[in-house]
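Trainee: The lines below spell out each chain.
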Amino acid sequence: GEKVEQHESTLSVREGDSAVINCTYTDTASSYFPWYKQEAGKSLHFVIDIRSNVDRKQSQRLTVLLDKKAKRFSLHITATQPEDSAIYFCAASTGGNNKLTFGQGTVLSVIP
Amino acid sequence: DPKIIQKPKYLVAVTGSEKILICEQYLGHNAMYWYRQSAKKPLEFMFSYSYQKLMDNQTASSRFQPQSSKKNHLDLQITALKPDDSATYFCASSHRLGGYEQYFGPGTRLTVL
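If you're matching them up, the sequences are chains A and B in order.
With the working numbering as the guide, the letters of the first sequence map in order to residues 8 to 119.
With the working numbering as the guide, the letters of the second sequence map in order to residues 807 to 919.
Hints in this document: simulated from the structure, not taken from any laboratory.
The C-beta atom is built at its ideal place from N, Cα and C for all residues, glycine as well.
Any given hint could be a false lead.
Claimed, not checked - Partner residues are not named here, just some residues of chain B that face chain A (Cβ under 10 Å, in silico):
| # | residue |
| --- | --- |
| 1 | K813 |
| 2 | E850 |
| 3 | S854 |
| 4 | Y857 |
| 5 | A866 |
| 6 | S867 |
| 7 | F870 |
| 8 | Q871 |
| 9 | A886 |
| 10 | P889 |
| 11 | T894 |
| 12 | Y906 |
| 13 | E907 |
| 14 | Q908 |
| 15 | T917 |
| 16 | L919 |
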């Protein structure tokens, strides 16, 4: 089955800098790649997604890049703020039954 | 107002007992899911339902039984509880199956003693 690997388990950046979180997946049939944010003790909050028919998607300070050949996708956060500090999860789905396979999570710390 | 309600928020059970986790969504979605998050494993898909029909079951054990009495309800019955079942169980929903954004509920944190 699908495996999603999240490369950075922790990431610390200074406020105002950019942060990049990288994920790889194994199933070439995966076509939907969402990202979720989880703050301490809370649920998952959707932040952005990308589908396989595009290779880039931007929403305000967030950009997702998808490289289907390398089976890799990444989340770029610009002008980071302390409130961006959280655990970020990448996920992949083939779309059929909408089953999301998650990466292990990246703890992002934005230092003021 | 919360759009996905999970009850209870916290649950403590003894080994061998049975519990039901409740999930209701008020987003008008047609697909619902259960996921599990434990200290030992990443977020793990358990079930997907579409229009109250089971579409996918990725749990290895029949001790986990989803129940959908209404279109916007998807409860999770867990029998013969084991300490390894301790986890936070998240209910999620989406407009329908097929690559749509999933919204997650607040979770039920289950501890099995």
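Trainee: For every hint, state whether the structure bears it out.
Mentor: Outcome of the hint check:
Interface restraint check: K813/B against chain A, minimum CB-CB distance 14 Å, threshold 10 Å, status violated. With its C-beta approaching chain A no nearer than about 8 Å, E850/B sits inside the 10 Å limit, and its interface hint holds. Hint status for S854/B relative to chain A: holds, with the closest Cβ pair at about 5 Å, below 10 Å. At a threshold of 10 Å, the smallest CB-CB gap from Y857/B to chain A is about 13 Å, leaving the interface hint violated.
With its C-beta approaching chain A no nearer than about 13 Å, A866/B sits outside the 10 Å limit, and its interface hint is violated. Because the closest C-beta pair between S867/B and chain A is about 17 Å apart, greater than 10 Å, the hint is violated. Hint status for F870/B: violated, given a least beta-carbon distance of 15 Å to chain A, over 10 Å. A distance limit of 10 Å between C-beta atoms decides the matter here; for Q871/B the minimum to chain A is near 18 Å, and the interface restraint is violated.
Checking A886/B against chain A by beta carbon gives a least distance of about 25 Å; that is not within 10 Å, so the hint is violated. At its closest, the beta carbon of P889/B sits 22 Å from a beta carbon of chain A; the interface hint therefore is violated under the 10 Å criterion. At about 9 Å, the closest approach between the beta carbon of T894/B and any beta carbon in chain A falls short of 10 Å, and the interface hint on this residue holds. Below 10 Å, beta-carbon pairs count as interface contacts, and Y906/B has one with chain A at about 6 Å; its hint therefore holds.
For E907/B, the shortest C-beta to C-beta distance to chain A is roughly 6 Å, which falls under 10 Å, so the interface hint holds. With a cut of 10 Å, the hint placing Q908/B at the interface with chain A holds, because the nearest CB-to-CB distance is about 7 Å. For T917/B, the interface hint is violated, the least distance from its beta-carbon to any beta-carbon of chain A being 15 Å, above 10 Å. At a threshold of 10 Å, the smallest CB-CB gap from L919/B to chain A is about 21 Å, leaving the interface hint violated.
Consistency with the previously given hints fails for numbers 1, 4, 5, 6, 7, 8, 9, 10, 15 and 16, ordered from lowest to highest.
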